[in-house]
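Single-letter residue listing:
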Amino acid sequence: MTLFAQHVLDGLQSGCIYASLALAIVLVFRGTGTLNFAQGEMAMVSTYLTWTLLDAGLPLVVALGSSIAISFVGGALIERMIMRPIAAKSANHLPVVVASIGLLLALNSFAQWVYGPDGRVLPSLFGDGTIRAGSLSFTSATVGALGVLVVVAAALRLLLNRTKVGLAMRAVAASQQSSRLVGIRVGRVLMAGWGLAAALGALAGALVAPTVTAFDSSLMQSVLVLAFAAATFGGFDSLPGAVIGGLVVGVLESLAAGYLTTDLKLPVAFVVILGFLLIRPTGLFGTPQVQRV
Amino acid sequence: MTVRRVRAGLLTATIVALLSCLPLMVEPFEVERLASTICIAIAVLGLVVLTGWSGQISLGNGAFFGVGAYTTAILVARYGWPHLATLAIAAALGLALGALAGLPALRVTGIYLALVSLALATVFPSVVQHFASFTGGTQGLAVPAFSPWFSGVSPERWGYYVALVVAAALFLLVHDLGRSRVGRALRALRDSEPAAQAMGIPVAGYKVGAFALSGALAAIAGSLSVLVQPYPYLDPRSFTIVLSISLVTGLVVGGAGSVVGAAIAAVFLDRVPTFVTNVTHLDGSATNVFYGGLLILLMFVMPGGAVGLATGAWSRIKSLRAVPPPPVGTEPPSMLRQNSSNPLPDRETRQTERTP
Chain H
1 MTLFAQHVLD
11 GLQSGCIYAS
21 LALAIVLVFR
31 GTGTLNFAQG
41 EMAMVSTYLT
51 WTLLDAGLPL
61 VVALGSSIAI
71 SFVGGALIER
81 MIMRPIAAKS
91 ANHLPVVVAS
101 IGLLLALNSF
111 AQWVYGPDGR
121 VLPSLFGDGT
131 IRAGSLSFTS
141 ATVGALGVLV
151 VVAAALRLLL
161 NRTKVGLAMR
171 AVAASQQSSR
181 LVGIRVGRVL
191 MAGWGLAAAL
201 GALAGALVAP
211 TVTAFDSSLM
221 QSVLVLAFAA
231 ATFGGFDSLP
241 GAVIGGLVVG
251 VLESLAAGYL
261 TTDLKLPVAF
271 VVILGFLLIR
281 PTGLFGTPQV
291 QRV
Chain U
1001 MTVRRVRAGL
1011 LTATIVALLS
1021 CLPLMVEPFE
1031 VERLASTICI
1041 AIAVLGLVVL
1051 TGWSGQISLG
1061 NGAFFGVGAY
1071 TTAILVARYG
1081 WPHLATLAIA
1091 AALGLALGAL
1101 AGLPALRVTG
1111 IYLALVSLAL
1121 ATVFPSVVQH
1131 FASFTGGTQG
1141 LAVPAFSPWF
1151 SGVSPERWGY
1161 YVALVVAAAL
1171 FLLVHDLGRS
1181 RVGRALRALR
1191 DSEPAAQAMG
1201 IPVAGYKVGA
1211 FALSGALAAI
1221 AGSLSVLVQP
1231 YPYLDPRSFT
1241 IVLSISLVTG
1251 LVVGGAGSVV
1261 GAAIAAVFLD
1271 RVPTFVTNVT
1281 HLDGSATNVF
1291 YGGLLILLMF
1301 VMPGGAVGLA
1311 TGAWSRIKSL
1321 RAVPPPPVGT
1331 EPPSMLRQNS
1341 SNPLPDRETR
1351 QTERTP
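From first to last, the protein sequence lines stand for chains H and U. All residue numbers for the first sequence refer to our numbering, where the first residue is 1 and numbers rise by one. All residue numbers for the second sequence refer to our numbering, where the first residue is 1001 and numbers rise by one.
With the rest of the complex left out, here is chain H (with noise of 0.2 Å):
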């Protein structure tokens, strides 16, 4: 029962990581339907931004703080160059997802070039000292996971219904034809969208960049598949479910990697996933499609 209850703790931090980019990847379909093949590899540029800037002297929550805030920007212009114009040209999600393959080439190649091979090390926010209840031992890296999980939750949750520009995007998410027709600005909705979904990516960097020794620029390939999977479970346009999401396919991970082998830990949560889905075709969350004829 410890050795469970411990299994579920350690997939809790890993959790959290899945969840914030699940997050990011949600709010960008909310906002645009389409799938961002490149969140990840934006987060991995925003934590190579947190390293310079840290490297160059910046405490660590400034130089994070900094990257969040350029990130966001950086986040709001790709849609604006890139995605917007591709979207208005094209008549399917196709070539924009294929845009956003294109950019996750570019970025991780880009990365490569300026910084070489070699890994780097982001140390964490939260130290690495562990607290022992009982028979269990957690690291505070876990707690401080957990902790701006549910800080950036509450955060999401204010903005989004307490807040003119969290209407406007509901708004934009539910019908972008009805939110123009009653003078929301769509594309600043849509900009702040991606710029919100960049700043969470920088953030879940700064969280997984400490669980490696050294990260490089393939730090948030294997995170991603899982962040896909976690918007899945929990419903894709749902931001509780892509919470809850990330933290089952963290904690179902942390499982199968203990109880059977590391090997076959993706596979066995893919397979919980894929089982949920035939039960639940949209997700934990999702809202169900309504079909017109």
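Honestly, the hints are just simulated from the structure, not real lab data. Hints may be right or wrong, so weigh each one.
[Claimed, not checked] DMTMM-like mimics (lysine to aspartate or glutamate), calculated; alpha carbons at most 25 Å apart, straight line:
| hint | chain 1 | residue 1 | chain 2 | residue 2 |
| --- | --- | --- | --- | --- |
| 1 | H | K265 | U | D1191 |
| 2 | H | K89 | U | D1191 |
| 3 | H | K164 | H | D216 |
| 4 | H | K265 | H | D10 |
Values in this document were obtained by computation on a predicted structure and should not be read as measured data.
Fit chain U to the given chain H structure using the hints.
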């Protein structure tokens, strides 16, 4: 109808004849590369049926490609089967697995379905590595080469010609299928599932069928990719999600929904990255900055893919002259219009109340 058929036959014969001369003019390793391009073309052809026609996105066709490759490799290396016989087994296995993977499509649609296929692509390399005693795992698996039946033909050329013949047959088959009631039914399904159902199209059967055919084509491509190598060697790392995603990329760049686009896609996927490397004189890691940038640029210039661009230009020329007839052989981009039943649902049709 018959005139068109004769014309299509003549056109295919000409193309095959031209392509047959190609290996006589280049180095052996180039022949092998051309042959693997043919294999990729067949794999993209599978996506034309699935994504281009029936509108269901698959991010997992790289896994079917891998299943085909490993079927051939294991049957030949471990059980001493003749190479060509394994092609049929690979096709059958691809068909069955494709149908199995298509079953969730009856319940799960749109973006959720894309993620189901993504799971397939992610899981496949892990499974291969897990059953290492059988598949060779990360060590890889070496396979006896496919030796020519006639003396005087180099193994590279032999592999190339076999691939060419199979590809020609499959391209003709899929092209004809696209013009048959099956092709029309699949397109109807893509444009509006309820409407298709109302017209009496058995939606479920066609959906699963599209997946099965797509899986079979990808598996044949994978199986051929082993046959065409003079020193066949398999590594699970060549069948990751990267392969699946590049197939989708090729499909869109070539022009989704068009058989010709699949051929263009294969040439693009094989040639353009190396071309970019040669032009920019950068080492491997930095090349993708430009390749990725090029993909984005292409989506600006031709969101309908190469074929979309060509048909667009052609119909514009025609409309300058006279009454515009519908373009032949490919689909105008407007046919790809999606709606709620489609892979990545339209913004306007995902109507809802959402509480975050």
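Verification of the hints:
The straight-line distance between the Cα atoms of H/K265 and U/D1191 is roughly 38 Å, outside the 25 Å bound, and the hint therefore fails. At roughly 19 Å between alpha-carbon atoms, H/K89 and U/D1191 fall within 25 Å of each other, so this suggested pair holds. Note on H/K164 and H/D216: the hinted pairing is violated, with a Cα-Cα distance of about 39 Å set against a maximum of 25 Å. For the proposed pair H/K265 and H/D10, the alpha carbon gap of about 14 Å is at most 25 Å, so the pair holds.
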